[in-house]
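Protein chains: 2
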Amino acid sequence: GYTNPSRAKTAAGMLRYAGNDVVAVLDSGEAGKTAQALLNAGGDTPVVTSVKDAGEANTLMIGVAPTVGKLPSPMRRHVLEAIQHGWTIESGLHDFLCDDEEFAAAARDSGAVLKDYRKNTERDVAMRQGLRAECLRLHTVGHDCSVGKMAAAIELARGLESGGVGTKFVATGQTGMMIEGDGLPIDAVVGDFISGAAEKLVLENQHHEAVVVEGQGSITHPCYAGVTLG
Amino acid sequence: GYTNPSRAKTAAGMLRYAGNDVVAVLDSGEAGKTAQALLNAGGDTPVVTSVKDAGEANTLMIGVAPTVGKLPSPMRRHVLEAIQHGWTIESGLHDFLCDDEEFAAAARDSGAVLKDYRKNTERDVAMRQGLRAECLRLHTVGHDCSVGKMAAAIELARGLESGGVGTKFVATGQTGMMIEGDGLPIDAVVGDFISGAAEKLVLENQHHEAVVVEGQGSITHPCYAGVTLG
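In order, the protein sequence lines correspond to chains Y and F. Note that this note's numbering has the first sequence beginning at 756, numbered continuously upward. Note that this note's numbering has the second sequence beginning at 756, numbered continuously upward.
Warning: the hint list may mix true and false statements.
Given that identical chains are not distinguished, each listed pair holds provided it fits within a single copy or across any two copies.
Said to hold, decoys possible - BS3-like mimics (lysine-lysine), calculated; alpha carbons at most 27 Å apart, straight line:
| # | residue 1 | residue 2 |
| --- | --- | --- |
| 1 | Lys955 | Lys788 |
| 2 | Lys788 | Lys807 |
| 3 | Lys807 | Lys825 |
No lab work stands behind these hints: they were computed from the structure.
Starting from the given sequences, assemble the full structure and let the hints guide the process.
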């Protein structure tokens, strides 16, 4: 029942930018529909109601990013079932799957891999040193959450690349990381080290002609201004 | 060798605002001096070179707050000795004492308590609800680290209190917390929850006539702007 564009932001982003790798969308309340109908992305990708209907899938991605970062309780049994099938579970929640005793025990039994994208041990402070002047650094900003900072960054990076400019999309959130395969979860870094983590991402990628850094939150948002400025 | 006002900011703050509880200052390179001579605070409080010279002390506070939050290696043996004596160790470092295997094992043997002020599990998001209009909220800010935001906040709170205004100093850093006995380590909270933690501190204390909230970092500081704004 969470499969709509505002609640399932991660799922929609995956379908839009990595849709070829998606076998099915799992939502126990929306059987028989297509991803396109629910999420405006993903074309004919089918919506299934349980893990066992997902055919050749071997990975379950948790497609929501709720404000407090907890797993919605209706999803719990699907996650557990996928773990018991030995799938890889990819999660961007603040509550880590591998810290959940039931999930961790099931994963030990089945050999399933629990991948928590927000788990990090960042401990670097920004030094403002070594930036390469020849690398064009672009950063997307917005005046609220969920307004398309990540999508704009990806489109910009792909546009530059297709125009012949060697460009890297620098992911700073869990969905961007799932799509790009690297990056850091800036909003899950301990306060003192937010700027250091952001700087490290730029330094690691500045061998490209251009980097497009995904923006986080909004400087005018009362919840997330700290994350944005870091 | 760390006992000077710029490196031992925590020690100086403790001596200035909770000096009656301090038996001695520990620095293996500064025997025989007074706290006043090294830190401009603490009067005749003696400087000793080892835990066993600290008389009736039963608590070791780590008096430094280095940028990366690690324990300076010369201090390691003193901390270990104090643990072996069964003392309470109070630390504001980002690297937690209780995660250090050698310290944790020694504490299990001696019964010593390891208190990591920066350890926290804050998971609340700011909601901007329920603020009491009659409570005067004051916040100290500054254009750099170590310019006296905490000291200004404490002086302001004590001044208001002595002028008859019921006032609470709201500590947001480890030194303020050690002095006041409560508060939250804002710079050690995960990014998404910085604003929520700050708001919670205000809500918990707004039954006072006034609250003075200690500022953190500086909005113009490249390392800590994220912490400041949150």
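Hint check results:
1. Taking CA atoms no more than 27 Å apart as the test, Lys955 paired with Lys788 passes in neither setting, with 42 Å inside one copy and 43 Å between copies.
2. For a Cα distance limit of 27 Å, the shortest separation of Lys788 from Lys807 inside one copy, 17 Å, qualifies, whereas the shortest one across copies, 74 Å, does not.
3. Taking identical chains as interchangeable, the C-alpha atoms of Lys807 and Lys825 lie at most 27 Å apart only when both belong to the same chain, with a minimum of 24 Å there against 48 Å between chains.
Of the numbered hints given earlier, the model fails hint 1 alone.
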